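2 protein chains.
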Amino acid sequence: MNSRRIILLAHGSSDKRWCATFEALAKPTLKAINGSRIAYMELSEPSLESVIHEGVSAGNREFTIVPLFLAAGRHLRKDVPAKIKALERSTGASIELSPPIGENPLLGHAIKDVVALQLDQGTSK
Amino acid sequence: MNSRRIILLAHGSSDKRWCATFEALAKPTLKAINGSRIAYMELSEPSLESVIHEGVSAGNREFTIVPLFLAAGRHLRKDVPAKIKALERSTGASIELSPPIGENPLLGHAIKDVVALQLDQGTSK
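Top line first, the protein sequences correspond to chains A and B. Numbering-wise (the working numbering), the first sequence opens with residue 15 and increments by one. Numbering-wise (the working numbering), the second sequence opens with residue 15 and increments by one.
Same shape as in the complex, but just chain A (with noise of 0.2 Å):
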């Protein structure tokens, strides 16, 4: 077992039905991955910083920020290295930041799988 914690970063929002889609999105991974947990950048609960100081407490080092984001920007550029910096210099942990999930050529499979089974079912959705 990987006792690397996995965190689902999200950018957050103010509006709660941006969020809910993002906790069914996390849903699958955190229930198939132990010690999992989503994040969010700005705006939601739980930030960044306190699931990473929570997992610090609970004894863990090792962390993997997976972004739900389908692309990188300038948040992934720019301000999530640097919260990470931060984080890693105040806590000792390593932190190591993915690409964003759009990168993977899993996820335009699955678009096309989305837009297909649409079609299929008719567009009166």
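No lab work stands behind these hints, which were simulated from the structure alone. It cannot be assumed that every hint is accurate.
[To be verified] Here are the computed lysine-lysine pairs in the DSBU-like style, where the Cα-Cα straight-line distance is at most 30 Å:
id : chain 1 : residue 1 : chain 2 : residue 2
1  : B       : K92       : A       : K41
2  : A       : K30       : B       : K45
3  : A       : K92       : A       : K41
4  : B       : K92       : A       : K92
5  : A       : K41       : A       : K30
6  : B       : K41       : A       : K92
7  : B       : K30       : A       : K99
8  : B       : K30       : A       : K92
9  : A       : K30       : B       : K92
10 : A       : K30       : A       : K45
Note that the structure is a prediction, hence the values are computed from the model and not measured.
Position chain B against the provided structure of chain A, taking the given hints into account.
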């Protein structure tokens, strides 16, 4: 065969790398579904307006927009419906807006597969 034209709608960005990720994400759908297109809401080309106008010129009268967004925020609740209303009025076409791809459970399962794959391959990527 379905004569409805599918448009995968991404946000758009001035960052070419961001757009390249969306073009890769769209590729399996564009390959599998005849006449489907990618379009951008802002900042990138082709715009939604130009793709709808091109379709109407080619004889299409029905369009389904599938948002390449993980969740619905202000853009999908307000800006895109307003664009659609204006386009329907100016072209006479019927344009349907699907839920964002992230609302389909298939996406959550693809995310789980991406994370599991990453753990299997080690995290030194």
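### Task
Run the structure past the numbered hints and jot down the numbers of the failing ones, going up.
2
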